[in-house]
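Engineer: Now for the letters of each chain:
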Amino acid sequence: MDQFLQQIVNGVSLGSIYALIALGYTMIYGIIKLINFAHGDIYMIGAYIGFAVTTYTNLGFFPALIIAMTGCTVLGVIIEKVAYKPLRNSSRIAVLITAIGVSFFLEYTMMFFVGAEVRSYPSLFTKRAFNFGDIVINMQQIYIVLTAVALMILLQFIVHKTKTGKAMRAVSVDKDAAQLMGINVNTTISFTFAIGSAFAGAAGVLVGIYYNSIDPLMGMMPGLKAFVAAVFGGIGNIPGAMIGGLGIGIMETLVSGYGNSMYRDAAVFALLIIILIVKPTGLLGKNTREKV
Amino acid sequence: MLEINNLNVHYGVIHALKNITLKVDAGEIVTLIGANGAGKTTTLRTISGLIKATSGNILLEGKDLTVLPAPSRVELGISQVPEGRRIFPDMSVYENLELGAFLRKDKASIKKDIDEIFEQFPILGDRRKQMAGTLSGGEQQMLAIGRGLMSKPRILLLDEPSMGLAPLLVREIFNIIQEINRAGTTILLVEQNASMALSIAHRAYVIETGSIVLSGTGEELSKSSEIQKAYLGGE
Ligand SMILES: Nc1ncnc2c1ncn2[C@@H]1O[C@H](COP(=O)(O)OP(=O)(O)O)[C@@H](O)[C@H]1O
Ligand SMILES: [Mg+2]
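For the protein sequence lines, the chains are S and Z, in the order given.
Just so we're aligned, residue 975 is where the first sequence starts under this note's numbering, counting upward by one.
Just so we're aligned, residue 6 is where the second sequence starts under this note's numbering, counting upward by one.
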């Protein structure tokens, strides 16, 4: 039982990282129906920015987090403007292929500048841990979960209470109707990329802390898993991405803890296949409404 | 108020609007009637800026709008209530109305205007927190009209507000349109329900396969034998 709870604790911290990445996938999908394959690489770059800040300056966790988020915001907005916006009226497959191209571009540009080797993240927190019976919760896990939860609350606030958030929801549902309200669709799409990328940047720093190591291809696997998380929760659905991320994180740690960590990744993709067969719209997804 | 000169619109190779010329004076209800596929929706979408014209121009009080993007046209006083209502189904009635006022900054008077909409459409007031997608067709149409008014337009473009509604509701919607007009908003009304539209319109245009083929006062057109035959089901 204790081992089970311990795995849940580990799963929640890993899952909250997946959830942050999944949120970006889901928001971007919601607004331009694009599976942004470059999203995992933005997260990788966030991890490197965090690494650079904490290694080469005296700044601590929070400044590193803010700088990584800011850097990724800028990057995400530029990618959207340069690579996706010119294709606004092209077929979805053309945009998808472009996204894959952007992904490779980011991975190998990064490799060119920082080298392919794995780097280890400086440890930012005390080794202190809290024991609850046999369950151990360490400082890193607490920071990871608290950061993720704070960002998700912030996102809920933005999406539901601010004008820009309402514009995002309106554009996601109906671009023409949104324009008739006076909403600038391009600005709103930029803003969505900004938030999604900022969250990916935060996730990058958190994962650096969690796994202690980063490399230029680190975005691929978590990117795919976060994508599965988004599909699991119902792509386009924000609470769905949160639940999906946590679910995948917990599932992964349970599979590693009880079975074999070799099956960890396979289990995630098996889940994807099961969702696509049983409920392709995901846990919280709706069947798409036909427009009259 | 609104003036459209020699407007041409293409969808790829389809020539959807052919030299459309029409005008709407301040305070009028003008209706544009025609069969399904004639080009009514295309006309309204071009006025509101969702579609770009290939040639011709659109003037609002003398100001040329032809190349402005849709949001700027809303700012200048054009508001379109689209065909099929297109309310935001996963937002509440209240949020839908707020979005209608997206470009306005006067928070206090937005609140006041929403209350006024609730006075005009009490059923919406009762359901202010309800998700708009759960409203009935008639209620959704009222919401779409209310939302369209929230930008305080000079001219309201209505695209088939009677579509899919029971006759009693159609009557009610048309009464509402007349009230809105009496309160000072100019209206361009697109309809397939020609007899209803002509009964409240000051002037009317008839559009056929992308061209204006007839125009006159509402009364004249109601009596015209051509219109009787083609649109009013008379002999
Ligand atoms: N998005 C589009 N792409 C291609 N053709 C279109 C499109 N929208 C409308 N059309 C065509 O343009 C013509 C006018 O359509 P529309 O303006 O919707 O007519 P109405 O509103 O009078 O029923 C029709 O022949 C229609 O098939
Ligand atoms: Mg139409």
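It cannot be assumed that every hint is accurate.
Capping the alpha-carbon separation at 27 Å, the derived lysine-lysine pairs in DSSO-like fashion look like this [as the list claims (entries may be wrong)]:
1) K110/Z to K1137/S
2) K1007/S to K1101/S
3) K116/Z to K57/Z
4) K68/Z to K57/Z
5) K1135/S to K110/Z
6) K117/Z to K1135/S
7) K1007/S to K117/Z
8) K57/Z to K1059/S
In case anyone wonders, no lab produced these hints; they're calculated from the structure.
Engineer: A separate judgement is required for each hint: does it hold in the structure or not?
Structural biologist: Quick rundown of the hints versus the structure:
Between K110/Z and K1137/S the alpha-carbon distance is near 11 Å, which keeps this suggested pair within the 27 Å criterion. Pair hint K1007/S plus K1101/S does not hold up; C-alpha atoms about 43 Å apart against a cutoff of 27 Å. Straight-line distance between C-alpha atoms of K116/Z and K57/Z comes to about 34 Å, which puts the hinted pair past the 27 Å bound. A distance of roughly 17 Å separates the Cα atoms of K68/Z and K57/Z; the hinted pair therefore holds under the 27 Å criterion.
In summary, the hint linking K1135/S to K110/Z is supported, as the alpha carbons are separated by about 16 Å, within the 27 Å threshold. At most 27 Å may separate the alpha-carbon atoms for a hinted pair to count; K117/Z and K1135/S meet this at roughly 19 Å. The suggested pairing of K1007/S with K117/Z is violated, with an alpha-carbon distance near 37 Å, which exceeds 27 Å. Distance check on the hinted pair: K57/Z and K1059/S sit about 18 Å apart at the alpha-carbon level, within 27 Å; holds.
Consistency note: the structure conflicts with the earlier hints numbered 2, 3 and 7.
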